[in-house]
Amino acid sequence: MISFSKIWKRYPGGLEALRNITFTIEASEMVFITGHSGAGKSTLLKLTAAIERPSGGSIIVNGQNVGALRPGAIPYLRRNFGLMFQDHKLLFDRNAFENVMLPLHVNGFERREAARRVRAALDKVGLLAKEKAYPITLSGGEQQRLAIARAIVHRPAILLADEPTGNLDAGYAADIGELFRSFNQVGVTVVVATHDEALAARLQPRVVALKAGVVVS
Amino acid sequence: MNAWLWSHVDAFVTTLGRLVRTPVATLLNVGVLGIALALPTGLYVALANVQGHAQALAANPRLSVFLALDAGRTEITQTRTQLREHPGVGSVRYVSRDEALRQLKTRAGLADVVDSLAENPLPDAFVVQPRDAAPQALEQLRDELRGWPKVAHVQLDAMWARRLEAALRLARLAVWLLATLFAFALVAVTFNTIRLQILTRREEIEVAKLIGATDPFIRRPLLYFGAMQGLAGGLAAWAIVAISLYWLNGGLAALSQLYDTPLELQQLTPEDGLSLLLFSAVLGWFGAWLSVNQHLARLDLR
Chain A
198 MISFSKIWKR YPGGLEALRN ITFTIEASEM VFITGHSGAG KSTLLKLTAA IERPSGGSII
258 VNGQNVGALR PGAIPYLRRN FGLMFQDHKL LFDRNAFENV MLPLHVNGFE RREAARRVRA
318 ALDKVGLLAK EKAYPITLSG GEQQRLAIAR AIVHRPAILL ADEPTGNLDA GYAADIGELF
378 RSFNQVGVTV VVATHDEALA ARLQPRVVAL KAGVVVS
Chain B
54 MNAWLWSHVD AFVTTLGRLV RTPVATLLNV GVLGIALALP TGLYVALANV QGHAQALAAN
114 PRLSVFLALD AGRTEITQTR TQLREHPGVG SVRYVSRDEA LRQLKTRAGL ADVVDSLAEN
174 PLPDAFVVQP RDAAPQALEQ LRDELRGWPK VAHVQLDAMW ARRLEAALRL ARLAVWLLAT
234 LFAFALVAVT FNTIRLQILT RREEIEVAKL IGATDPFIRR PLLYFGAMQG LAGGLAAWAI
294 VAISLYWLNG GLAALSQLYD TPLELQQLTP EDGLSLLLFS AVLGWFGAWL SVNQHLARLD
354 LR
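Residue numbers (our numbering), protein chains in the order written: chain A, 198 to 414; chain B, 54 to 355.
Next comes chain B alone, as it looks inside the complex (with noise of 0.2 Å):
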């Protein structure tokens, strides 16, 4: 148990030392990783920060519930109070048909059209803030107040967050779609990284077995070579997003200014980077077992 440990932690102290020793080397390796690694962890992080603030918008939807024409003042009254004591109701806005009318004559170009009018074709609506926000539960209140007397029509303002909803769906494929492929990039990189290093360490590994030396005794550095040079990938992903992102906040911040709204990108959270560290290591390894199967087996002592 003891030795087995000891070979573990010789393996690992060896790795360190080989990309340390060829530090160019080991710097574009990483490099390359570290970009592949950084372009979909980026768009994440991106799309994470827009989904934030489409949650924040879609947090406070509104219902508009249009009476009949006919309703007289008691109706409304009624209607107000019924919407007022219902537990899915938040606050409600009652907006008169002649209020109606006033803001729509404000609009531009719109005031000759409403004078020409003979009469307020306008109803009486309420302006309805929903106590929960779920799409499943708008839906039901519209379909609710939809069967209320004297209610002519309810409007759900939400489409517009379905629509968002969906593209969203969309760039989450987009951004699985594109670590599968940087995946692959990363493996095939650690691949070939190891391919070198069985080439240009062949005689130490012949004469290794020829003393005896095991094939996991042989192997070991090696995977933790791509492990570790995985990990290091991940690290500096990690590190490009989080300066990318840094330097993006300080434009922000003269935008936000001007739009009096405060912008800030937020930071990849420490459990997605450590997922992306763990992602990364694991597929580096896994890149240098495929490696190490390919090519140990070929080569033959003499």
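Next comes chain A alone, as it looks inside the complex (with noise of 0.2 Å):
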């Protein structure tokens, strides 16, 4: 489903971000990206997502070329994930309902249809009874909870998180991961580039590891 070949990311100044990664994602999968700061993880999402380019080799994510894409095209590569930003990019002059439905109204979405979406979506992450309620009065859990709902609101069929569980305590990074082993259940395939040793110990999942750049295992 995605394959990363011989994959180099240089950035201006000579930083090699990411030096010849060569592995493959398959459907369904459940893949951990780990390793420490400045390994390579996010660099490596925001590459699938067309966030960035490639400065060598090519991504593939359901046949496409990702690097290869033209900028008019890149927009429905994206609609495939769901995305989890490590600061979460919530927009906190809405209300939970409305940033969950944000990526239904860009796909598209007849109003209907999307606000029974969004409830399912919220009722998902817990968070049904707060759907009127902003980000800012959300605790670190529940805005975590809610970008996950953002997320998924639209089925994609691949997730994409960066550090979902950064900055939480064990509790909420289980909630978190029971989440991601619900989703993977019915079929969505989980990336997730994290340095959380314990979520990665409880959900069992594949795990690419990096080291400055370099698939190490």
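Hint data in this document are derived by calculation from the structure and do not stem from the laboratory.
None of the values given here were measured: they were computed from a predicted structure.
Among the clues, some could well be false.
Derived SDA-like pairs: lysine to any residue, alpha-carbon spacing no greater than 25 Å straight-line [to be verified]: (1) Lys286/A / His348/B; (2) Lys158/B / His206/B; (3) Lys329/A / Arg254/B; (4) Lys329/A / Ala64/B; (5) Lys321/A / Ala261/B; (6) Lys286/A / Glu256/B; (7) Lys327/A / Thr67/B; (8) Lys329/A / Thr68/B; (9) Lys321/A / Arg378/A; (10) Lys286/A / Arg71/B; (11) Lys158/B / Asn173/B; (12) Lys286/A / Leu249/B.
Both chains are sitting in their own frames, so use the hints and assemble them into the complex.
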């Protein structure tokens, strides 16, 4: 479903974030990309979602070469993904409901159907009672769950999550882990970039370990 | 098709919401645009009014046909019949040389001069009202009458109308110049408003792009915003001009009583008003388009 072959990423100034990365993620797989800060985990996810372009090599998602897509095709590629960002990127001038509505709006869903799906997603992450709440009034764990609801509301085939448990305590992190497991069980491909070893131990995913831009295991 | 239509309706409603939610900013922006557009529009209306009156005045130009001094009674009668039967002539009034001298005498200060004359130097004359008031027709008639026997001179009283015409042409040019300048101002104001919108909504635009929003999807509400703001500016300009004319007409009523002639300024015609709205909406859209192209491209994803 996603295959990386000979991926290089160099930044101006000579920093090599990724060096000769080759591996494949199958459909319905759960994969953790682990490593220290600066190992290249986030960069790999950004390349996958065409937020950045590789300096060399190719990434094939659903048969499309991501690095070679023309700009007009990129939005349609991104709709295959549910994206969770390190800084979760919630919109603070909109309430929970409106935040989760955004992907459906972008995808052109009809309003009533969209509202139904938004509530289903909020229910899934346990925030249905807080649909009118603004992100600023939610706890860290709730904000992260809201970000998950926004990522999965349009039922993407692939969930890409960057440090989803970054600064959560163990209890909240376990909740998030269970959500990932349940998505994976219904066939969603889950790709998580994390350095949270407890989460990995709990979910037992396939692990791709990066060190200084190279796959070490 | 349906989804496409919906996305437009949606962009329209969203934009309307944004305009309404920031009433002070909207009011000030629309006010600036309205005033900028009201100046050329007002001048245009004033010009249309002057032109209307000028045309009414120029509608009855006259030709003075002076006969030779040695023209006799039969020749006068003959010329008169000839003039009356001419298809280009509406009406003819005969002014005899004696009558002309009498009229001249009544003018203050000229009585002594006239009395000192040994004989009447004035010719017999006809005042001709032509049927067709167009400048070319007048000139043609003048040239034709000039060639008649015993006609010494034909005077066309249309020079002033031509001067007015030239002045009006100049004024029209000024209107266009002003309209061009203020059109530029409208584009500039919209450009800046949209730039601010993009800056303040930067996060939202960024997130939307990350979750698969196409460029048209992001552009659409901004373009609508520009067009709607322009349209509102056009409406404001129309209102400003209409209210100003209404006030001026109140003042003119007193003046018109004193002069005993009906004086009234005409309002902008519906056609002109709708053109103004269309023009301002298109300019607003254009300003937004320029701004979106400038600033969205520079918005890099992180």
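Go through the numbered hints given earlier and state which of them the structure violates, listing their numbers in rising order.
-> none
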